[in-house]
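These protein sequences, in sequence, are chains A and B. Take 1 as the starting number for the first sequence in our numbering and just add one per residue. Take 162 as the starting number for the second sequence in our numbering and just add one per residue.
Just so you know, these hints were derived from the structure itself, not from any lab. On a predicted model such as this, the values are computed, not experimentally measured, just so you know. You may find that some hints are simply not true.
From chain A, some residues computed to sit far from chain B (all C-beta separations above 12 Å) [unchecked claim]:
no., residue
1, Asp9
2, Phe10
3, Ala12
4, Glu15
5, Asp24
6, Ala38
7, Asp39
8, Gly63
9, Ala71
10, His109
11, Glu138
12, Gly140
13, Arg141
14, Glu157
Listed next, with one range per pair, are the computed distances between beta-carbon atoms [said to hold, decoys possible]:
no., chain 1, residue 1, chain 2, residue 2, range
15, B, Lys213, A, Asp39, 17 to 27 Å
16, B, Gly203, A, Val26, 55 to 65 Å
17, A, Trp156, B, Pro205, 50 to 60 Å
18, B, Thr211, A, Gly154, 23 to 33 Å
19, A, Arg146, B, Ala201, 28 to 38 Å
20, B, Pro205, A, Ser2, 35 to 45 Å
21, A, Ala137, B, Thr211, 38 to 48 Å
22, B, Gly177, A, Phe114, 40 to 50 Å
23, A, Glu75, B, Glu235, 14 to 24 Å
24, A, Thr57, B, Ser180, 11 to 21 Å
C-beta atoms are modelled at their ideal positions from N, C-alpha and C, and glycine is treated no differently.
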Amino acid sequence: MSVSVREADFDAGAEIAALSAGRDDVGAVASFVGLVRADKAAAEVGAGATAAVQAMTLEHYPGMTEKALEAIVVEARGRWDIYGVRVIHRVGKLQPGDRIVFVAVASAHRGEAFAACEFIMDYLKTRAPFWKKEDTAEGGRWVDARESDDHAAGRWEGAQK
Amino acid sequence: MNVKILFFAGLREALGTGSESVTLPAGVGTVGALRDHLAARGAPWSALATTKNLRSAVNQQMVGPDAAVKPGDEVAFFPPVTGG
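Extracted from the complex, chain A is given alone in its bound form (with noise of 0.2 Å):
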C-alpha cells in the first residue's frame, strides 16, 4: 500500500527502511517531510497579521483523495524509473511541529528519487482534496491556497525528466 491518509502519526525511519527492505537494487531513497509551522510570515496572513497558529485541522474528500494520490504516483512512476514510493498525509487536529506529510521514493540513482519525490510533493500540493484551517487567538482561518504552488507544479507539465 503505497498511500495512506490518516489521522497516525508515522515513523520516517521505518518508512524509509521499507522501501528497500529486502532488495539489493535501490541506490537512493529520497524523502521528504512536511510540518505545522507555528508562525505565518505577514505576506501570508495579511498585512499587520501575526497571529500565531495554535493548532491546525486538515479536512480532506475520502475517496478522491486517495485517487488523487495515487493517480499522482503512477504518473511519477511513468515518468522516472523508480522502484518504490510511499506517500503518507495525515488528517484531522494537529499541532505545531507535528508532522503532516510524508513522501519517499526508491530508485536505483539519486536524480531519479530526488525528481520524483519533488514532483509529486508539487502534484500533491494543487490536486489532491486537502484544505488547512489554522486556529488562532483570532479565530479559525482557512489558509489560501498560494500562485506559487501552482507555479511548481506548473514547471513539471510538458516536461520529460
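Keeping the supplied structure of chain A fixed, place chain B upon it in accordance with the hints.
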C-alpha cells in the same frame, strides 16, 4: 435518479451543509450549469458564484465547468486545495 453534491472546507461552512441530493433540472447538464443553478437560490448559496477559483469534481475526478453531469453522478465543489 438524483445527483449527490458535496461541499468542502470554507464553502461547506458558508453553505452550512456538506452534502445534498438534488434532481437535475431540465437543461442542467454541466458542472458549470449546476453551480449556477445552485447559486441562483440566493444567500448563502451565492457563495458558489463568489468563491474565488472554485474547483469542482465529478465522480472524484477534478474537472472544469464544461464537464458533463448525469443522474447518478457525485459532484463536488470546493476551494483550491491547500494540503501538503
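>> If I take the minimum Cβ distance from Ala12(A) to any residue of chain B, is it greater than 12 Å?
In response: holds, 16 Å
> Is it correct that the beta-carbon of Ala71(A) has no partner in chain B closer than or equal to 12 Å?
Replying inline: Given a closest Cβ separation of 9 Å, the condition is violated.
> Per the hint of 55 to 65 Å, is the separation of the Cβ atoms of Gly203(B) and Val26(A) within bounds?
Replying inline: Given a distance of about 58 Å, which is inside 55 to 65 Å, the answer is holds.
>> Please check whether the beta-carbon of Ala38(A) is more than 12 Å away from every beta-carbon in chain B.
In response: holds, 17 Å
> Hey, does Glu138(A) actually stay past 12 Å from chain B on C-beta?
Replying inline: It holds; Glu138(A) is separated from chain B by about 16 Å at its closest Cβ, greater than 12 Å.
> Is the hinted range of 40 to 50 Å satisfied by the C-beta distance from Gly177(B) to Phe114(A)?
Replying inline: Between Gly177(B) and Phe114(A), where Cβ atoms are some 45 Å apart, the hint holds.
> Does the Cβ-Cβ separation between Thr57(A) and Ser180(B) fall within 11 to 21 Å?
Replying inline: holds, 19 Å
> Could one say that the CB atoms of Lys213(B) and Asp39(A) fall in the range 17 to 27 Å?
Replying inline: holds, 25 Å
> When you take the CB atoms of Trp156(A) and Pro205(B), is the distance between them in 50 to 60 Å?
Replying inline: violated, 37 Å
>> Taking the Cβ atom of Arg146(A) and the Cβ atom of Ala201(B), is their distance within the range 28 to 38 Å?
In response: holds, 31 Å
>> 38 to 48 Å was suggested as the range; check whether the CB atoms of Ala137(A) and Thr211(B) agree with it.
In response: At roughly 28 Å between Cβ atoms, Thr211(B) and Ala137(A) fall outside 38 to 48 Å, so the hint is violated.
> Are all beta-carbon distances from Asp39(A) to chain B longer than 12 Å?
Replying inline: Non-interface label on Asp39(A) holds, nearest chain B Cβ at 17 Å vs cutoff 12 Å.
In the structure shown, a violation is registered for the earlier hints numbered 8, 9, 12, 13, 17 and 21, in ascending order.
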